[in-house]
Amino acid sequence: MHIDGLTVRFGAFTAVDSVTLEVPPGRIVGLVGESGSGKSSLAKAVCGLVPHTGRVTGASRVQMVFQDPYASLDPRMRVGESVAEALLRMPRQARAAEVERLLGLVSLPAEAAGRYPRELSGGQRQRVAIARALGAEPDLLVADEITSALDVSVQGAVLNLVRSLRDRLGLPILFISHNLAVVRYVCDEVAVMHRGRLVEHGPTEDVVGSPGQDYTRTLLEAVPRLRR
Amino acid sequence: MFRTPAAVAGAVLVAAMVVLAVIGPPIWGEAAEHIDAGAILQGSSAAHPLGTDNLGRDLLARVLVAGRYSLLLALAAALIGATAGIVLGALPSVLPARPARLVTGAVNALVAFPGLLLAMFTAVVAGLGARGAVLGIGAAIAPGFARLTQTLAASVAGADYVSAARMLGVPRRRILARHVLPNIAEPLILHLTQALGGALLGLAGMSFLGLGVQPPSFDWGRLLFDGFGRIYVTPEVALGPALAVALAGIGFNLLGDALARGAARTSAPRTKAVAPESADPGEPEPGAVLDVRDLTVTFPGGVTPVRGVSLSAAPGEIVGLVGESGSGKSLTAAAIGGLVPYPGVVGHARLRLDGRDVAGLSRKELGTSLAMVFQDPMASLNPALKVGGQLAEVAVVHQGATRAEARARAVDRLGHVHLPEPGRQARRHPHELSGGMRQRAVIAMGLMGTPRLIIADEPTTALDVTVQRQILRLLREVTEETGSAVLFISHDIAVVGELCDRVVVMYAGRVVEELPADRLTDGAHPYTRALIASLPDMDTDRSLPLASIPGRQPAPAEVGDGCAFAPRCPLATDACAAGRPPLVEHGPAHRVACWEVTCTSTA
Chain C
1 MHIDGLTVRF GAFTAVDSVT LEVPPGRIVG LVGESGSGKS SLAKAVCGLV PHTGRVTGAS
61 RVQMVFQDPY ASLDPRMRVG ESVAEALLRM PRQARAAEVE RLLGLVSLPA EAAGRYPREL
121 SGGQRQRVAI ARALGAEPDL LVADEITSAL DVSVQGAVLN LVRSLRDRLG LPILFISHNL
181 AVVRYVCDEV AVMHRGRLVE HGPTEDVVGS PGQDYTRTLL EAVPRLRR
Chain Y
1001 MFRTPAAVAG AVLVAAMVVL AVIGPPIWGE AAEHIDAGAI LQGSSAAHPL GTDNLGRDLL
1061 ARVLVAGRYS LLLALAAALI GATAGIVLGA LPSVLPARPA RLVTGAVNAL VAFPGLLLAM
1121 FTAVVAGLGA RGAVLGIGAA IAPGFARLTQ TLAASVAGAD YVSAARMLGV PRRRILARHV
1181 LPNIAEPLIL HLTQALGGAL LGLAGMSFLG LGVQPPSFDW GRLLFDGFGR IYVTPEVALG
1241 PALAVALAGI GFNLLGDALA RGAARTSAPR TKAVAPESAD PGEPEPGAVL DVRDLTVTFP
1301 GGVTPVRGVS LSAAPGEIVG LVGESGSGKS LTAAAIGGLV PYPGVVGHAR LRLDGRDVAG
1361 LSRKELGTSL AMVFQDPMAS LNPALKVGGQ LAEVAVVHQG ATRAEARARA VDRLGHVHLP
1421 EPGRQARRHP HELSGGMRQR AVIAMGLMGT PRLIIADEPT TALDVTVQRQ ILRLLREVTE
1481 ETGSAVLFIS HDIAVVGELC DRVVVMYAGR VVEELPADRL TDGAHPYTRA LIASLPDMDT
1541 DRSLPLASIP GRQPAPAEVG DGCAFAPRCP LATDACAAGR PPLVEHGPAH RVACWEVTCT
1601 STA
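In order, the protein sequences belong to chains C and Y. Under the working numbering, read the first sequence as residues 1 to 228, first letter to last. Under the working numbering, read the second sequence as residues 1001 to 1603, first letter to last.
The following block holds chain C by itself, in its conformation from the complex (with noise of 0.2 Å):
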């Protein structure tokens, strides 16, 4: 997927700033950055979700993960039910199996179609949701703060699932997120934005390791760490 000189603007205010950025086969692209550095307005510019300049191309089935998988998804719906709605295309009988393999995908067992989101941790609810983006076979998945809303005892979990999705299917990731400590063992590229503007793109040893930005540096800094 390629994103070409991509502009989104908010009335006077420039959100994104012509931003040109590549995220190759099978690779994970981290996009980090502060609140209100625009990477979240890129994301939904990707998915088509808020107008922009500039192009996009080479992803024509963009599938994103929400943040809150409290919110992402109905309530009302029994899990296979959510995961089914990717599914639409395909015929009736042929659904119940596709789902079921979707979830085998995210390792939950089959039996969690009949259940509510209610009755799940919320690891396993970012699980389903994962499953429910795969269902649309998308080649560009945009995981939008994908573990922030969860506990550190389950994200470990999610984030090895977006590994192993990146290993067995091949699928281009647009990582989002404000944890560099996650975005640095999740990714293989780190975009590093600042006020709407792409500062810094690399790979991720060279910009966690020797970063050619101050701002880079400054976020690498204020990372906590545990004194050992």
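Hints were generated in silico from the structure; no laboratory data involved. A quick note: this is a predicted structure, and the numbers were derived from the prediction, not measured. Please note: incorrect hints may appear among the correct ones.
A few chain C residues facing chain Y, derived, Cβ under 7 Å [said to hold, decoys possible]: (1) SER35; (2) MET64; (3) PHE66; (4) SER72; (5) ARG76; (6) ALA86; (7) ASP151; (8) ALA157; (9) ASN160; (10) VAL182; (11) ALA222; (12) VAL223; (13) PRO224; (14) LEU226.
The C-beta atom is built at its ideal place from N, Cα and C for all residues, glycine as well.
We have chain C already, so just place chain Y on it with the hints.
Frame of chain C, contents of chain Y only:
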């Protein structure tokens, strides 16, 4: 739901109306139609308690019989109004933008139009009689339903699950039918109950105006119309139907109110509160600013999210309280601050602040010696007041300072938390400040008094990492300067490890481990170890999968007798399921509650 007298009255009235509609016509039908030329236009008598009409028919029987027709007409009108209104209100979410705007505009215009006028206009166009009146009242009810549907649908349409469905390419019609309507059905049904009452009154009004039911049919409104001419001679002939209309209308409205209130708040079953586990207060810790022993928070139904928590904090010490959501850490803080929401009950063997029992402190003393900082600074600041004024309020109320003194102190405190140009910031409203500046203002508010304890509940969770760093530094600075203790609550063990002196780990309402923050990585409890292992940091090996804890934390109602962590624990044995391990010493300044850890170390 039917606890209030009004709700009971509503239910009884509606039930009586339904019974009347069923049994009225078969029982009194004949009497209502019986023409008696000898008893024309009589007033109240033993034979005819409500008098007779111009054909000598008994009016009491006619009122009782008219119930069925009146209620059926009202039901028809309300259903017509609800259906038309819901369709009209839902259309904008299915139609393309331009027609959608047109429908919205039309609904807005109709809402502004007086209902009775709309009803009369429709009734005249549709033709005199019951049909016209029902359509008219239906038309009058519809705009309200349309507006309600539109507003509710708009709020659901903004939900993430609707965005997700849209991205999956689910057609608009299906989104409306599967996602929007089921999630707004409840308030619509409640509105329907109240609309029934309204329709009943409206139809009676139409009949009274001569626009509704025409003879020989009759409903309550028609009876009222017929009797009204005689109201100065024999008032009882008009009072009967009027009373029936009023009672039915009141009944439906009361029931609707009760249903709405019941739906808005599902209350927990009432049972007795659980007593604190140990009543023995023991010896208070000397010199401690905060000294809590066996703190318990119970909700009705025996749900106990905080179970016998003991904590202490020395002057100048920052104590971190970590745990997953639902571990009871925030409720522990709320209990110390006296902020547990109703109907929670707080029990404790000892709760002392700066050497004095909290129960004995006045609100003023508590207000100045305890400061609280929450995750959302906007929730602690009144959006309508200027920041400086809000801070000054503290000094005026708690310290009896004059306005000018309080103001000067507010500006001084704002400068103290490193807010640039404090004088200017004091004159601004909270929404004009950034998130980090607001959190500083809240901390400054806490510093207006001389706090002995600052409780900070996830104060940096909503902030960016760089701002988080500044706020943490400020908290440390404030502690060192004032000698107050800080209880710092966070789900982020890295933040706690960086800021705090001592860390208390909570799981399922209990303290499972307590240790110095710089030795967090040497945590002994399997839960603490698992938490640290599952936290990615800047040195995590990227080639290995990240650790995670299988299963989930039990809800407060599910906690059994044994160790709550046992089902997720790699070390668990039969002993763990059978009995709960006590919190015992495990090295200097280190306490842990785990059978496996403490047994192997003593053995």
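Each hint tested on the structure:
no.: 1; hint: SER35; verdict: 6 Å, holds
no.: 2; hint: MET64; verdict: 6 Å, holds
no.: 3; hint: PHE66; verdict: 5 Å, holds
no.: 4; hint: SER72; verdict: 4 Å, holds
no.: 5; hint: ARG76; verdict: 5 Å, holds
no.: 6; hint: ALA86; verdict: 5 Å, holds
no.: 7; hint: ASP151; verdict: 4 Å, holds
no.: 8; hint: ALA157; verdict: 4 Å, holds
no.: 9; hint: ASN160; verdict: 5 Å, holds
no.: 10; hint: VAL182; verdict: 6 Å, holds
no.: 11; hint: ALA222; verdict: 4 Å, holds
no.: 12; hint: VAL223; verdict: 6 Å, holds
no.: 13; hint: PRO224; verdict: 4 Å, holds
no.: 14; hint: LEU226; verdict: 4 Å, holds
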